[in-house]
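Asks: Given next are the chains, with one letter for each unit.
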Amino acid sequence: KNEVEQSPQNLTAQEGEFITINCSYSVGISALHWLQQHPGGGIVSLFMLSSGKKKHGRLIATINIQEKHSSLHITASHPRDSAVYICAVWTSGSRLTFGEGTQLTVNP
Amino acid sequence: KAGVTQTPRYLIKTRGQQVTLSCSPISGHRSVSWYQQTPGQGLQFLFEYFSETQRNKGNFPGRFSGRQFSNSRSEMNVSTLELGDSALYLCASSFNQGNTEAFFGQGTRLTVV
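Chain order of the listed sequences is A and B. Letter by letter, the first sequence follows residues 1 to 108 in my numbering. Letter by letter, the second sequence follows residues 1 to 113 in my numbering.
Any given hint could turn out to be false.
[Said to hold, decoys possible] Some chain A residues well away from chain B (every beta-carbon gap over 12 Å; in silico):
1) G16
2) F18
3) G42
4) K55
5) K68
6) T75
[To be verified] Computed footprint of chain B on chain A, listed as stretches where at least three residues anywhere in the stretch have a Cβ under 8 Å from a Cβ of chain B:
7) 3 to 12
8) 43 to 53
Calculated from the structure, these hints are not laboratory results. Using N, Cα and C, we set each Cβ at its ideal position, and we do this for glycine too.
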């Protein structure tokens with residue numbers, strides 16, 4: 001079993017829909033990243049959080065440390081949100097451990 | 001402020017050759033980490049450098065090595081390339097070790113033929 005599990009693996013939505021991507025982890029962490037990767041490879045950090053909730057534009061990330069669970073929400077989704085979303089956690093020392101990613105496709 | 005710069009962006013090498021990849025972190029960032037991304041294995045941690053010292057290492061063979069210079073720029077070297085080394089190699093910089101926001105470069109796509 002992977003230390004970081006994401007669901008769903010693939011998600012297709014219509015423009016305007018509310019989207020939720022989930023991340024569960026089984027190890028102790030100091031913080032959690034939500035990352036976005038577009039075709040071509042570059043990775044962008046969307047959020048880093050260790051408690052509570054953060055919001056940036058149409059994106060909201062929450063984390064529940066006790067339940068070892070985080071969610072990424074996208075409100076009013078748009079085709080430009082189509083990308084792979086990756087959950088990553090800071091575990092022991094200074095390494096990031098990654099989930100397998102969620103491929104999101106938003107259709108117009 | 002300039003982001004994380006990786007060079008080259010694309011590279012084609014032959015089995016048995018060696019390759020060196022470069023990563024220039026964001027100015028002021030002292031930690032540089034390297035990751036390998038393949039379709040089958042996803043993103044995997046290679047190693048992390050902080051203040052010119054390797055602080056953490058992933059589960060990769062000794063053919064994978066790296067170093068960090070006094071200006072925090074880092075290089076990664078892979079010797080005796082194998083077909084399975086074909087991957088996207090990403091570096092990330094952060095101000096400190098762990099638990100600080102990581103900023104990723106665009107990656108170097110290595111193809112071994």
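Asks: Confirm or reject each hint.
Replies: Going down the list of hints, with the structure as the test:
A cut-off of 12 Å between C-beta atoms confirms that A:G16 is not in contact with chain B; the least separation is 29 Å. With a cut of 12 Å on Cβ distances, A:F18 stays outside the contact zone with chain B, its closest approach being about 26 Å. Distance check for A:G42 against chain B: the nearest CB is about 4 Å away, which does not clear 12 Å, and the non-interface claim fails. Chain B leaves A:K55 outside its interface by the beta-carbon criterion, the shortest separation being 16 Å against a cut-off of 12 Å.
Distance check on A:K68: its Cβ is at least 17 Å (rounded) from any Cβ of chain B, clearing the 12 Å threshold; non-interface status holds. Listed as a non-interface residue, A:T75 keeps its Cβ farther than 12 Å from every Cβ of chain B; the least gap is roughly 23 Å. A stretch counts as covered by a chain when three or more of its residues have a beta carbon under 8 Å from one of that chain; for the stretch 3 to 12 of chain A and chain B the count is 0, and the coverage is violated. Only residues whose beta carbon comes within less than 8 Å of a beta carbon in chain B count, and the stretch 43 to 53 of chain A has 5; three or more means the coverage holds.
In summary, the structure is inconsistent with hints 3 and 7 from the numbered list given earlier, while agreeing with the others.
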